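Peer 1: In terms of our numbering, the sequence shown opens at residue 275 and continues consecutively.
These are computed hints drawn from the structure, not numbers from a lab.
Because the structure is a prediction, the values reported are computed rather than measured.
It cannot be assumed that every hint is accurate.
To be verified - Here are the computed distance ranges between Cβ atoms for each label pair:
hint : residue 1 : residue 2 : range
1    : Asp366    : Asp397    : 27 to 37 Å
2    : Pro331    : Asp286    : 35 to 45 Å
3    : Ile292    : Asp358    : 12 to 22 Å
What the hints assert, rightly or not - Restricting the straight-line Cα-Cα distance to at most 25 Å, the calculated cross-link-like pairs of lysine-lysine (DSS-like) are:
hint : residue 1 : residue 2
4    : Lys421    : Lys339
5    : Lys421    : Lys385
6    : Lys311    : Lys421
7    : Lys421    : Lys328
8    : Lys293    : Lys362
9    : Lys311    : Lys339
10   : Lys311    : Lys362
11   : Lys325    : Lys293
12   : Lys385    : Lys339
13   : Lys328    : Lys339
14   : Lys362    : Lys421
15   : Lys339    : Lys390
16   : Lys362    : Lys385
17   : Lys293    : Lys339
18   : Lys390    : Lys362
19   : Lys311    : Lys325
20   : Lys325    : Lys421
21   : Lys390    : Lys328
22   : Lys339    : Lys325
23   : Lys311    : Lys328
The beta carbon of each residue, even a glycine, is placed where N, CA and C say it ideally should be.
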Amino acid sequence: MSSNANSEVVRDLTENEIKLLSEIDSWGHQLINIYAKGENISPSLLDEVFKSWKLDPSEQRLEQKYVIYGLSKLYGDFIINSKDCSWKVIVDEHGADFMIHSSAGSNIFVKDIVLKRARSEDDEFGFFLATWNAVNSEEWLGLFPPKP
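Model the full structure from these sequences, guided by the hints.
Peer 2: Following this line, the structure appears as structure tokens:
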């Protein structure tokens, strides 16, 4: 567990939080089954799913919370599978939230990446690939090192 001057605490997940992430993972896979044909999780596939969901006019369209949490979980796992990162929980004066924490000490709040676009009236697409390209860039190599 680590903390800083802003009274933030970064800690490992509890057993209940691990179970919750497992349930959220199923939401992401449900979205893929509905909106995409791919099986291999990638930023491009997640972009396709998000765009299809956002443009879906049907009454059967899944609620926003499933998209926000489900796609952020799948994206977080993609990052973790490629970089030296892990799921952590950050606790501060506003509450607790999941995040991706790198071995170099950098954080990615994947839920916020999706939440911002899901709640927006604007149609912003391609953000999974764009953020992945940034995380995977030479400039960010020290912040998000590859898996050893």
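Peer 1: Hint by hint, say whether it matches the structure.
Peer 2: Checked hints:
no.	hint	verdict
1	Asp366 / Asp397: 27 to 37 Å	holds (32 Å)
2	Pro331 / Asp286: 35 to 45 Å	holds (42 Å)
3	Ile292 / Asp358: 12 to 22 Å	holds (20 Å)
4	Lys421 / Lys339	violated (30 Å)
5	Lys421 / Lys385	holds (22 Å)
6	Lys311 / Lys421	violated (28 Å)
7	Lys421 / Lys328	violated (33 Å)
8	Lys293 / Lys362	holds (14 Å)
9	Lys311 / Lys339	holds (22 Å)
10	Lys311 / Lys362	violated (30 Å)
11	Lys325 / Lys293	violated (28 Å)
12	Lys385 / Lys339	holds (10 Å)
13	Lys328 / Lys339	holds (13 Å)
14	Lys362 / Lys421	holds (17 Å)
15	Lys339 / Lys390	holds (12 Å)
16	Lys362 / Lys385	holds (13 Å)
17	Lys293 / Lys339	holds (17 Å)
18	Lys390 / Lys362	holds (21 Å)
19	Lys311 / Lys325	holds (14 Å)
20	Lys325 / Lys421	violated (30 Å)
21	Lys390 / Lys328	holds (13 Å)
22	Lys339 / Lys325	holds (15 Å)
23	Lys311 / Lys328	holds (17 Å)
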